[in-house]
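**Q** Protein chains in written order, with this note's numbering: chain Z, -15 to 210; chain X, 277 to 532.
Any given hint could turn out to be false.
[Unchecked claim] FRET-style restraints, in silico, Cβ to Cβ:
id : chain 1 : residue 1 : chain 2 : residue 2 : range
1  : Z       : 53        : X       : 367       : 23 to 31 Å
2  : X       : 322       : Z       : 46        : 42 to 50 Å
3  : X       : 348       : Z       : 40        : 32 to 40 Å
4  : X       : 389       : Z       : 157       : 51 to 59 Å
5  : X       : 369       : Z       : -6        : 46 to 54 Å
6  : Z       : 157       : X       : 333       : 42 to 50 Å
[What the hints assert, rightly or not] In silico DSBU-like cross-links for lysine-lysine, where the CA-CA straight-line distance does not exceed 30 Å:
id : chain 1 : residue 1 : chain 2 : residue 2
7  : Z       : 35        : X       : 497
8  : X       : 402       : X       : 391
9  : Z       : 19        : X       : 486
10 : X       : 402       : Z       : 39
11 : Z       : 19        : X       : 407
12 : Z       : 35        : X       : 407
13 : X       : 420       : X       : 391
14 : X       : 329       : Z       : 39
15 : X       : 390       : X       : 407
16 : X       : 402       : X       : 390
17 : X       : 486       : X       : 497
18 : Z       : 39        : X       : 438
19 : X       : 390       : X       : 329
20 : Z       : 35        : X       : 391
21 : X       : 415       : X       : 391
22 : Z       : 35        : X       : 415
[Stated by the list, open to error] So these bits of chain Z aren't anywhere near chain X, every CB distance computed over 12 Å:
id : residue
23 : 1
24 : 20
25 : 32
26 : 73
27 : 163
28 : 164
29 : 187
It should be emphasised that the hints constitute simulated quantities derived from the structure, not laboratory data. No experiment lies behind these values; they were computed from the predicted model shown. Glycine included, C-beta positions come from ideal geometry on N, C-alpha and C.
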Amino acid sequence: MNENLFASFVTPTMMGLPIVILIIMLPPMLLTSSKRLISNRFHSFQQWLIKLIIKQMMLIHSPKGRTWSLMLVSLIMFIGSTNLLGLLPHTFTPTTQLSTNLCMAIPLWAGAVILGFRHKLKASLAHFLPQGTPISLIPMLIIIETISLFIQPMALAVRLTANITAGHLLIHLIGGATLVLTSISPPTATITFIILALLTILEFAVALIQAYVFTLLVSLYLHDNT
Amino acid sequence: MLSRVVLSAAAAAAPCVKNAAVLGPGVLQATRVFHTGQPRLAPVPPLPEYGGKVRLGLIPEEFFQFLYPKTGVTGPYVLGTGLSLYFLSKEIYVITPETFSTITVVGLIVYVIKKYGASIGEFLDKLNEQKIAQLEEVKQATIKQIQDAIDMEKAQQALAQKRHYLFDVQRNNIALALEVTYRERLHRAYKEVKNRLDYHISVQNMMRRKEQEHMIDWVEKHVVQSISAQQEKETIAKCISDLKLLAKKAQAQPVM
Chain Z
-15 MNENLFASFV
-5 TPTMMGLPIV
5 ILIIMLPPML
15 LTSSKRLISN
25 RFHSFQQWLI
35 KLIIKQMMLI
45 HSPKGRTWSL
55 MLVSLIMFIG
65 STNLLGLLPH
75 TFTPTTQLST
85 NLCMAIPLWA
95 GAVILGFRHK
105 LKASLAHFLP
115 QGTPISLIPM
125 LIIIETISLF
135 IQPMALAVRL
145 TANITAGHLL
155 IHLIGGATLV
165 LTSISPPTAT
175 ITFIILALLT
185 ILEFAVALIQ
195 AYVFTLLVSL
205 YLHDNT
Chain X
277 MLSRVVLSAA
287 AAAAPCVKNA
297 AVLGPGVLQA
307 TRVFHTGQPR
317 LAPVPPLPEY
327 GGKVRLGLIP
337 EEFFQFLYPK
347 TGVTGPYVLG
357 TGLSLYFLSK
367 EIYVITPETF
377 STITVVGLIV
387 YVIKKYGASI
397 GEFLDKLNEQ
407 KIAQLEEVKQ
417 ATIKQIQDAI
427 DMEKAQQALA
437 QKRHYLFDVQ
447 RNNIALALEV
457 TYRERLHRAY
467 KEVKNRLDYH
477 ISVQNMMRRK
487 EQEHMIDWVE
497 KHVVQSISAQ
507 QEKETIAKCI
517 SDLKLLAKKA
527 QAQPVM
């Protein structure tokens, strides 16, 4: 390890220019749009995937909530593609930065909450008090519910950041362990290598799952407030 | 705007110019010209069916063909090996923990593609084929619908040729009805006339009878009048003497 463990998480700049903007713009550029009715396999796969996502995610919403379909599908595609591309060697993953995730989480959560307060004021306020609470607990419960409401965007952002960062760090560490162990005892190195392989499979899954969870939670907040 | 007014006035004046007036607004817009460049993307050029050929998933076939004349078949491979060994030995490429993660990730991706690539490709091809089949079905259904409409139209046209049967039947019906009415009226006229004539005959008969009766009555009356009382007595006495004679003759007869 010739560099700091966290070297891969530094915001990339090249000669002082923030190329991180280009890096964030890359994954969406890989998602094609076609002028044809029937395109190649890649585009068909994309269409099929988006259809699956929409059917799965937007069924529970009312028509008002379904106006958010474009937003939510773009969200899940962006997070998913970014996370998956981050597993390749020597890449920078924007979702490891808390700033990116906060920028995604706070506006979406705030949008959902403000929508709820504008259109269904009573119902939105009613969410602060679950049904059937004993009367003596009401003040405390309202405070707790308020705190839990305001923690939602933080939780969204931090969850995504922590998961992806942790995954990358683990891969880095176990890779480092394998590297050091090859010169000490190759069999242990082989075991560590197998652990690394399993971990990579897990990271692929986590990449997709985190995207799904993020989008699902935003959609849940939307459902509550539509 | 003015040209439009002129054109509409001209259309009102001469009907043949009315067709030109339809193009009036278009003529107005023709002064603004769009899309004067060559059509590059229309019609959309067809997609190639297969991608370019690659070896090792990354290096195009053209590179191998490029090196073939000078270095033969093994040339590019030797070049690759030499380059990678050079990078490793000079530590231009450093072996870091990332190397192992690279090996893992790339190995995983290659394994998945080799194992599931073909089946995923088939699945996607099937998706495309389903789309095409759906559209084809719509097309065929439309064609069939239009064909059915054409056939029905032809049948209707053929039917129109056979209308004269209908007209003949109707004509016959009307002729029969007319005939019946005529005969009925004829019969009625005959009956009326006969009625009148019968009346005259019965009047005549009655007159004759009346006359006869009247004559008989008159004769009787005068005869009775003409018989006076004395004549009546003489006649009766004569009848009595005749009767006596006859009685005597009658008595005398059976004795014989």
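**Q** Next, verify each hint and record whether it holds.
**A** The hints, checked one at a time:
{"no.": "1", "hint": "Z:53 - X:367: 23 to 31 Å", "in the structure": "violated (51 Å)"}
{"no.": "2", "hint": "X:322 - Z:46: 42 to 50 Å", "in the structure": "holds (43 Å)"}
{"no.": "3", "hint": "X:348 - Z:40: 32 to 40 Å", "in the structure": "violated (54 Å)"}
{"no.": "4", "hint": "X:389 - Z:157: 51 to 59 Å", "in the structure": "violated (28 Å)"}
{"no.": "5", "hint": "X:369 - Z:-6: 46 to 54 Å", "in the structure": "violated (20 Å)"}
{"no.": "6", "hint": "Z:157 - X:333: 42 to 50 Å", "in the structure": "violated (29 Å)"}
{"no.": "7", "hint": "Z:35 - X:497", "in the structure": "violated (137 Å)"}
{"no.": "8", "hint": "X:402 - X:391", "in the structure": "holds (19 Å)"}
{"no.": "9", "hint": "Z:19 - X:486", "in the structure": "violated (123 Å)"}
{"no.": "10", "hint": "X:402 - Z:39", "in the structure": "holds (20 Å)"}
{"no.": "11", "hint": "Z:19 - X:407", "in the structure": "holds (15 Å)"}
{"no.": "12", "hint": "Z:35 - X:407", "in the structure": "holds (14 Å)"}
{"no.": "13", "hint": "X:420 - X:391", "in the structure": "violated (45 Å)"}
{"no.": "14", "hint": "X:329 - Z:39", "in the structure": "violated (37 Å)"}
{"no.": "15", "hint": "X:390 - X:407", "in the structure": "holds (27 Å)"}
{"no.": "16", "hint": "X:402 - X:390", "in the structure": "holds (20 Å)"}
{"no.": "17", "hint": "X:486 - X:497", "in the structure": "holds (16 Å)"}
{"no.": "18", "hint": "Z:39 - X:438", "in the structure": "violated (59 Å)"}
{"no.": "19", "hint": "X:390 - X:329", "in the structure": "holds (16 Å)"}
{"no.": "20", "hint": "Z:35 - X:391", "in the structure": "holds (25 Å)"}
{"no.": "21", "hint": "X:415 - X:391", "in the structure": "violated (38 Å)"}
{"no.": "22", "hint": "Z:35 - X:415", "in the structure": "holds (25 Å)"}
{"no.": "23", "hint": "1", "in the structure": "holds (24 Å)"}
{"no.": "24", "hint": "20", "in the structure": "violated (7 Å)"}
{"no.": "25", "hint": "32", "in the structure": "violated (6 Å)"}
{"no.": "26", "hint": "73", "in the structure": "violated (4 Å)"}
{"no.": "27", "hint": "163", "in the structure": "violated (6 Å)"}
{"no.": "28", "hint": "164", "in the structure": "violated (9 Å)"}
{"no.": "29", "hint": "187", "in the structure": "violated (9 Å)"}
Hint compliance for this structure: hints 1, 3, 4, 5, 6, 7, 9, 13, 14, 18, 21, 24, 25, 26, 27, 28 and 29 are broken, all remaining hints hold.
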